[in-house]
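Undergrad: Residue numbers (our numbering), protein chains in the order written: chain Y, 36 to 380; chain B, 36 to 380; chain V, 36 to 380; chain A, 36 to 380.
It cannot be assumed that every hint is accurate.
Given that identical chains are not distinguished, each listed pair holds provided it fits within a single copy or across any two copies.
[What the hints assert, rightly or not] The calculated DSS-like cross-link candidates involving lysine-lysine, where the alpha carbons are at most 27 Å apart (straight line), are: (1) Lys67 to Lys86; (2) Lys67 to Lys266; (3) Lys53 to Lys266; (4) Lys113 to Lys362; (5) Lys362 to Lys204; (6) Lys113 to Lys135; (7) Lys266 to Lys86; (8) Lys266 to Lys44; (9) Lys339 to Lys67; (10) Lys86 to Lys43; (11) Lys362 to Lys135.
Keep in mind the hints are simulated off the structure, nothing from the lab.
Treat the numbers as computed from the prediction; the structure is a model and nothing was measured.
There are 4 protein chains.
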Amino acid sequence: MSTHIASKKILLAPAPRKVAEIFSNDDLARLKAIGELTIHESAPFPDDRFKEVASDLQMILGQIDLPESRLRRTGALKAIFNVEGNFLPNIDYDYCFAHKIRVLNISPVFAEPVAEAALGMAIDLARGISVSDRNFRRGHEEYGLSANRRAFSLFRQDIGFIGFGDLAKAILPLLRPFACRIRAYDPWLSAELLQTFECEAASLDDVLRHSRVIFVVAGATTQNQGFLGPKQFSLMQPDSALVLLSRAAVVDFDAMLDFAARGAIRVATDVYPQEPLPATHPARQNENTLLCAHQAGALETALKRIGKMVVSDAELIARGLPPVLCKPAQPETVLSFRSRPVDHT
Amino acid sequence: MSTHIASKKILLAPAPRKVAEIFSNDDLARLKAIGELTIHESAPFPDDRFKEVASDLQMILGQIDLPESRLRRTGALKAIFNVEGNFLPNIDYDYCFAHKIRVLNISPVFAEPVAEAALGMAIDLARGISVSDRNFRRGHEEYGLSANRRAFSLFRQDIGFIGFGDLAKAILPLLRPFACRIRAYDPWLSAELLQTFECEAASLDDVLRHSRVIFVVAGATTQNQGFLGPKQFSLMQPDSALVLLSRAAVVDFDAMLDFAARGAIRVATDVYPQEPLPATHPARQNENTLLCAHQAGALETALKRIGKMVVSDAELIARGLPPVLCKPAQPETVLSFRSRPVDHT
Amino acid sequence: MSTHIASKKILLAPAPRKVAEIFSNDDLARLKAIGELTIHESAPFPDDRFKEVASDLQMILGQIDLPESRLRRTGALKAIFNVEGNFLPNIDYDYCFAHKIRVLNISPVFAEPVAEAALGMAIDLARGISVSDRNFRRGHEEYGLSANRRAFSLFRQDIGFIGFGDLAKAILPLLRPFACRIRAYDPWLSAELLQTFECEAASLDDVLRHSRVIFVVAGATTQNQGFLGPKQFSLMQPDSALVLLSRAAVVDFDAMLDFAARGAIRVATDVYPQEPLPATHPARQNENTLLCAHQAGALETALKRIGKMVVSDAELIARGLPPVLCKPAQPETVLSFRSRPVDHT
Amino acid sequence: MSTHIASKKILLAPAPRKVAEIFSNDDLARLKAIGELTIHESAPFPDDRFKEVASDLQMILGQIDLPESRLRRTGALKAIFNVEGNFLPNIDYDYCFAHKIRVLNISPVFAEPVAEAALGMAIDLARGISVSDRNFRRGHEEYGLSANRRAFSLFRQDIGFIGFGDLAKAILPLLRPFACRIRAYDPWLSAELLQTFECEAASLDDVLRHSRVIFVVAGATTQNQGFLGPKQFSLMQPDSALVLLSRAAVVDFDAMLDFAARGAIRVATDVYPQEPLPATHPARQNENTLLCAHQAGALETALKRIGKMVVSDAELIARGLPPVLCKPAQPETVLSFRSRPVDHT
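Just chain Y, with the same shape it has in the complex:
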C-alpha cells in the first residue's frame, strides 16, 4: 500500500547531526517514499524558510526551534522527531499535546551500546582488568591470587540502579546470567513497575548502602542536579563500584573522584562536566577510576539506527498509526529534562 500523501511534506533538519551519518541510502529512500523531503543540514533553520514550508509539513525531523509562533503556521503536522536523543526546550510542548502532534526522540538507539559498555566497565572495576594492564605497562604486575586481592565477581552480587529508564532496562538482560539481586531507585516509577523487571524498589540510601556495583543511569532533570554528592558516596560499601553513564550533571563530580582517589570506592565514568576534560584534571591520574570518552553510545552502527528508527515510525504515522519505536514525550515530565544539547555527533 502506498503511504505517500502527495501534498504532505517532511522537513529533515538534523543539525548538529548530518543526514549521511544517521540515514543509510535505503532508509533515506523509504523516507522519500512517505512524502516530499526538504533537507536542511545547517543550523539554525531560518524563519523565512519555515514560513515557506510550514503549512504542508506533515513531519519535522530535527532540533529546530518550534515555538508556538512557528507551530501555529503548521496545519498538517503530525510528528516532530528529535534525532539527538534528548527532549530539549526548543518546542512548545503544550501546543503539541493539545494538537495531537507527536513529539518523539530516538534515545532508544543508544540503550544497547551503552548497556554493553556499562557491563564492560562494571566487570573491569570488579575484576581489575585495566588496572592489571596498567601495571604490566609499568612493569610491576602481580599474578593470580595476588592480582585479585581487591577483585570481586558480579555473580550473585547486590547490584543497584540509580534511575531506571531505557539504559537500565537494556543493562538488565546482560546482567541476568549473573543471577544478581537488583535494587533500583527511580522516583518517577512505582514498585510494581520495578517488580515486572524482577527488581526491588529501594530508597536512594538503600541502593547506595547495599550495592556492590551501582549503575548511575538517571537522566538530568530540573530536580536532580548534583544529587549524588559526598553524603551519598559515604553511604557506599567499602571498595564498591560506581559506573556513571547518563549525565555528569547528576553527580558532584569532584566529590566522586575524591572518594575514588582515597580508595573508598571505584569509579568508571563515560561523561564529564566539561568535554574535553582539562589537560591537568586530576581524574587523569586517579588510580581507582576508569575513564571512557563519552563513547558508550555513539557507535556508527547506533547512529545509523537513528534513521531506521525514525523512518520506521514515520511510516506508521503517515498511515495514521501510533509510533512504536521512538520515545514519545510525556506531558507530565517533558519539561523536566535538562540534558545538554549535543555539540556535534
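Based on the hints, put chains B, V and A in the right spot on chain Y.
TA: Frame of chain Y; chains B, V and A shown alone:
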C-alpha cells in the same frame, strides 16, 4: 543418615594449595564427618607416610604421585581428587580405571570467574575501553564518535570458540543476550553436541575467518602445542579480537603479539609462556593488547568453592553414589592433557 | 511523602466489576490515601450524581459514560481508568487528548494468564493430550508411538502470531525455550518493532502458510471483523493448529470449526460469538477442537491485580508523573477498537 | 579424516526397535562409514551368530544379552549402546568397566518431548483446560471466573521435583519464564548440584508439603518401588497437582488415583502399572485425573534422534574419543535401575 565409615580414611595433601585456602571451616567439618582425615600440606608426600596410610584410604585429595606401586597398596580407594584443576601425569590412570577408582578434578570452579573476565576482556577490545583510559592518562583522548572509529559491538556479531569445554560453556550464557552467531571448533566434539548449545560446528579455518571475536579456550594437550600460529592469525578478519584464556602453550605467543603490534588484530591474554613476563618483554608496550595477570580464575571465592565441590562429591562417593560436580577423568583423553602444574595458588 | 491532595476526589464506579473483586483491602487503602473516594457499584451512573462530584474529580475509575457534556463539568480531571480491559466508545477521547486527561485500561493484567493458557492449549493440540484423555474415557486409547501418529512438538517449529499486542508479547517468553522460528502479522506495527522481539514481520498469508501453530491474538477493530475466514484457513498447513484467544469476532467461527471438523486443521478456542454457546452447537462434538470457556484471563489473582495496577499508576498521576503500568489510549487507534463490553466478571 | 577401521565391525541388533524407526538413511550411511555393519532385527540374538562376529566387534548397538561368557569373546569392543533408553540387567557391567568398554544409552532423546508434554499436562491441571473441554461436550460448562473457581497459575508458584535427572533438567528451562520457586528431592544428588540449577534441595516431605505442582520424574530402582504412597499424598497441599512421567512403579498407583477421585489432589499420568489399562479400570472415569497414553516421549522425531545420537557418539569413539551425547552407565548406580524393558516401540 551417617556417611562415616569408621575404618575409612581420607588423605588431604593439597600442595601447592593450602587447606585454609580451599576449605571453609564448615566444609572441612563436613569432610571430617565422612572419614578420618590425614592432612599433609607440604610436598612431596613421602613414601613411608604413604605406606602407613594406604590400606585404609578411601579418598585422596591432592596431587601426590600415585604410580601403580603406590596404588597397589590401597585396597579401599574410591576416588582421587586433583584440587589444582588439571589432570597431571602423576597418576597411573589405567590402574584407576581398571579398579573403578574415580579420578576427578575441580576445574569447573574456575569456569564462572574466567567466563566473566572473558566477557569483560572481549567488551574491552571491542569497545576500546582500556585504550580510552590509557589515552586519558596520556592527555590525548578523543570523544564520542571520534573515540569509536575502531569500535564495534558484540551484539549480533559472529563469535568463535576455539575449544569448547567448560570455559566455553560458561561463556555462552553470558553471550546469549548479545544474540550472536557462534561457531566453535573442537576436534574432540561432534556437530550434534555443539547444536545442543545452539552453536555451529566449524573448521578451525572457518572460525578464524568468520569471527569478529575469538575466544581461545582449548586446554593444552600433547597434540595442540602452538597450533595457533602466523598462518592461523593471518586468516583472521582485519581488526578482529582474540581473547586467550586457557593456556599460552596453544598459541605461538610471539607471533600473536606481532599481529597485534602491527594492528592486524587485537589481543587480550590472561596467560603467558613464562610468568612473570620478563621485564623487557615487548608485550608490555603493545598498544593493541590487553594484559591480564593470570587472574581470570583465581578469585578467593572460586578457591573456596574447590573445597565445597570436593566435599560435596566426596559425600556422594562415601554413600556409594557417583560424583556430580567434579570433572571425571575420561579414559580416552586423560593422558593427552599437558597443562603446566600450578606453582603456587 | 504524602500524595493526598485534599480537594481532589476519586470516583470508583467499576460496574460490571465489583470493588471487592478487583481491590484488595491494602490496595483500596492506598487509593483512599490519594484522594477522597466516592464508590458507586451499580450501573449506570446517574447524571445528577455526576454533576455533584464532577468539578473536584481528579480520577475516574470505571466505564461510566463520559461524553463531552460530562467531561466539560470536570476541571481537575487527570485520568480515566477503564477497569474492564477494553477501550470502549463510552468516552469522548478527543476531549481527553486535547485536555491532557489520561485514558487508561488494565488489559495488561490479563496478558500473563492468557499466555499461560495459550501455551497449554498449543501443547495440547500439538501433542494430543486431551484427545488421549477422551479416548481413555471411551476405552479405546492407543499407546506410545501409536498414540502419536498425528503428534508434533513445538520445539524448533514455525510459529505464527496474528496480532502482536500485549498477549503476543506475553506468549513470546514462554515460547523462547522451544527455539521456534516466529512470524508475526500485525498491520499496526513495523518490521523493525517485530525484530526487537526476534520475530519476523510477515504477511497474513505467509503466517498462515508457514506456521505449524498460529496464535490469534488480534483485538477486534472496526476493520477486522471476520477477517479470518475460509480463504485464510485453506492456506494453513495440513493438520496445523490454530489457537484463538483474543476475540471471536475476528474469525468466521463456523468456517473455522468446519475446517477442524474435516480434520484439515486443529483448533483451540477460548472465545465464542455467543456465550454461553448454544446447547446443540456442533462445536461441542468436534473431535479436532479444544474448547475453553472464556477462562484464559479471568483468574481471581489476575482480577486482584487490576486494583493494584490502577492504584499504582494513580499514585504516580497524583504526583504529577506519567502512568507506567496501565495501557494508555493512543489517539490514532483508540476509536478503532470494537470489543464487546464485559457482561459480568 | 576417515574414521573407518577396516577390521572393525559394528553389530546393530535394535530389537524391539526397528532400524528404520531409529535411523534416517543419512545416519545409517554415517554408521556404515565407521565400520562393517551387521544388522540383526529379530530377537534374541543367537549364540552361534555371536561367536562368529564377536572377535572383531568394535561396537554393539542394541539390547542383546551380554554376559561375561559372550563379552570374553570380544577383543576390540569399545562400546555398547542401549537404544531403548534404559540400563537393563542384560550386560555384565563389571566386565565392561574393568575393560574400558563404554556402556551407553540414548535416554536423553526423550527428555525434550517428555518435558514439553509435562508442561502441557501441568498447565492443564492448573488451569482446568481439559476439564472445561469435557464439560462443553457434556453441555454444562461454566464461563470466565466461574470456570476458574479451582484454577491457579504456574507463575511464581512453588514447584517440586521428585527425582532430578535428565527429565527434570529438560523441564526446568520451560518453567524458567514462570519465575517459580523450585524444590527438588533426589537422594542421589547433592544440594550443591541442585543449586547450580537454581533449585533448592529439599526432603521428600518438604517437596510434598510445599509444592503446588509436583513433577514425578524419578527412574525406577531397586530401592524406590512404590515409595510414593498414601502417607506421601496426604502431605500434599489441598488441590495441588501431581504429574507422573517417569515410571508407574515408583507410586502406589491405586492410592494416587484414590486421592484424586476424592478431590484431594489432581493427577496427570503418562504411565501405568499395566498397559493397556484394563477396560474397567476406575482411572477412566476419574474427574480429577488427566490420562495420557505413554506418549510423552515416543514421538517419531525423537526416535529418529536415537540413531543420530548413536552414530554421532560412535564416530567419536571410533576416533578414540569419549562419547558426549549418550548417557554413560555409572559403576555406582547402573545395577540399581529397574525399568521395565520396552515391549515394542
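Undergrad: State for each hint whether it applies.
TA: Right, here's what the structure says about each hint:
no., hint, verdict
1, Lys67 to Lys86, "within (21 Å within a copy, 52 Å between copies)"
2, Lys67 to Lys266, "neither (54 Å within a copy, 35 Å between copies)"
3, Lys53 to Lys266, "neither (42 Å within a copy, 42 Å between copies)"
4, Lys113 to Lys362, "both (15 Å within a copy, 22 Å between copies)"
5, Lys362 to Lys204, "both (14 Å within a copy, 19 Å between copies)"
6, Lys113 to Lys135, "both (7 Å within a copy, 17 Å between copies)"
7, Lys266 to Lys86, "neither (52 Å within a copy, 52 Å between copies)"
8, Lys266 to Lys44, "neither (53 Å within a copy, 39 Å between copies)"
9, Lys339 to Lys67, "within (17 Å within a copy, 49 Å between copies)"
10, Lys86 to Lys43, "within (15 Å within a copy, 44 Å between copies)"
11, Lys362 to Lys135, "both (15 Å within a copy, 18 Å between copies)"
Violated hints, in rising order: 2, 3, 7 and 8; the structure is consistent with all others.
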